[in-house]
Amino acid sequence: MQLSRSARIALRVAAGFGFAVIYVPLVLVLVNSLNPDRSASWPPPGLTLHWWSVAWENSGARAALWVSVKAGLGATAIALVLGTLIAFAVARYPFFGRDALSFVVVLPIALPGIVTGIALNSAFGTVLEPLGVGLGLFTVVVGHATFCIVVVFNNVVARLRRTSGSYEEAAMDLGANTFRAFADVTFPLVRSALLAGGLLAFALSFDEIVVTTFTAGPGIETLPIWIFNNMTRPQQAPVVNVVAAVLVLLSVFPIYVAQRLSADTATGSRV
Amino acid sequence: MALLTRTAGALHRRPRLRLSLLLAAPLLWLAVLYLGSLTVLFVSAFWTTNSFTSEVVKVWSTDNFRELFTTPVFRQVILRSVGVALAVTVLCAVIAFPVAFYTARVARPRWRPLLVVAILTPLWASYLVKVYAWRLILSEGGLADWMLKPFGLSGPGFGLTAAVLTLTYLWLPYMILPIHAALEQLPANLLDASADLGARAVRTFRSVVLPMVLPSVAAGSIFTFSLSLGDYITVQIVGGKTQLIGNLVYSNIELNLPMAAALGTVPVVVIVLYLLAMRRTGALSSL
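Chains as they are written, first to last, in my numbering: chain F, 1 to 271; chain H, 1001 to 1287.
So that you can see chain F by itself, here it is in the shape it has in the complex:
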């Protein structure tokens, strides 16, 4: 399309505004972590690294980080197994209800988090409590795994659809049995998709707050829950600022790696 000079300039300005809208808030979080003042007024009166060392010593934030890592690892492990199993079934076998299954996989992330949250909460209450298992880290992992399955599934199924089953058939023609063909042919083909899906699942779990609110027992505080609980306390504001800045910096990394690993699959979208 031949755009006039003025149209190009207008577009450039509008796009520049759009990118500013995207990045100014994130940069603000980074700058604010260096703000010596407890209030968020702009511009900050100076810059200091003091609060970074205070935050490093903060036991609450550290404990919450540790809980988040454990929950993320647990949920990612379960999601990797279940998501891969479904991906293989959907990509390699025709069966009744295949479309319905692909739909159910997406459901936990498509429905509002609060609906999934209270559904799981009341289910845990009625099923687990009589067994003497209360809400705790375990139930957080179960809740997170439920909505993490979809990102692993999406990555693996996209990879499987692009690689035809004939490689496995060739391996079997050459004498490999089912397990051997999987280990030597199929697994290497999907390995990077698994890694990308796992990274995204971990990132999703690490960031989640709504389902966590309803599945975490008393005393279980993930990092997002910790931020949420401390956000409105003026006393904690500088530490929250630093934790938020760390999260901005950390979130860039897994996304970059995941994109590198699977340029072909749907990493761009969470669904």
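Certain hints may be false.
[What the hints assert, rightly or not] Computed cross-link-like contacts, SDA-like style, restricted to lysine to any residue with a CA-CA straight-line distance of at most 20 angstroms:
id, chain 1, residue 1, chain 2, residue 2
1, H, Lys1149, F, Ser41
2, H, Lys1149, F, Trp42
3, H, Lys1149, F, Leu28
4, H, Lys1058, F, Val127
5, F, Lys70, F, Gly219
6, H, Lys1058, F, Pro130
[As the list claims (entries may be wrong)] Only part of the chain F face toward chain H is listed, based on derived beta-carbon distances under 7 angstroms:
id, residue
7, Leu3
8, Trp42
9, Ile114
10, Ala123
11, Gly132
12, Thr178
13, Phe179
14, Ile227
Worth flagging that the hints you see were computed from the coordinates, not collected in a lab.
The model shown is predicted, which means the values in this text are computed figures rather than measured ones.
Don't be surprised by glycine CBs; every beta carbon is placed ideally from N, CA and C.
With chain F fixed as given, assemble chain H onto it according to the hints.
Relative to the frame of chain F, chain H by itself:
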């Protein structure tokens, strides 16, 4: 070893067995645990609560839904929530279009992949941190006040406007990405043909570009609409006293779970209706 070989052979001869082994665990998790809990939740919307003991009375009744449609506060909140979701969707589309157009068509080809990464990265930045960023911007004496001060204005503060702005920011990448994908795939010869036939840029945009990109706008709107409709955390943080459906659900959970469940069905039903409406635009196939 022999056992392994025999198992492999047995599996190879029975594709149905292989399939059921693949599906057993995931189905147990998703169909029994997840769909089971959802079903119980929606059934419990038809139960009631003893107002003295707050205990759930498992007797079938449609009282909750009658209350939902007859109480003015509930009606107001539902309408406000749908309004917020629509406003967020429109704002996202307005901001997303130039960004996507510039990235896909105007920027130098060398820069385009880098710009796509620049759009994608904040998509995965922490949800809570993004909301927190807007809390900082909109707080008293914050960046918004500072920027508007030379014009004699002040920022909107915490309230409905703040909630709409923050939600727009949160879901913006979900709108940019599908529009960008559609614009990128737009065949250049269609645009050339339009120009050859004498159309100027505006006409080409209206008659060629827009009709081909609209399904993607609709696809993006599914995310912006449904994610806004279900949100309650953002409203708690920057919304002041504003209440949306999610907040009503949240405030009812402790004392009246059946009412919370009934309220929870509202966003689900609205989202399903929205999906059905969007299906007619061909949005679902371009997801």
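Among all the numbered hints in the text so far, which are the ones the structure does not match? Checked against the structure, the only hint that fails is number 11, while the rest are satisfied.
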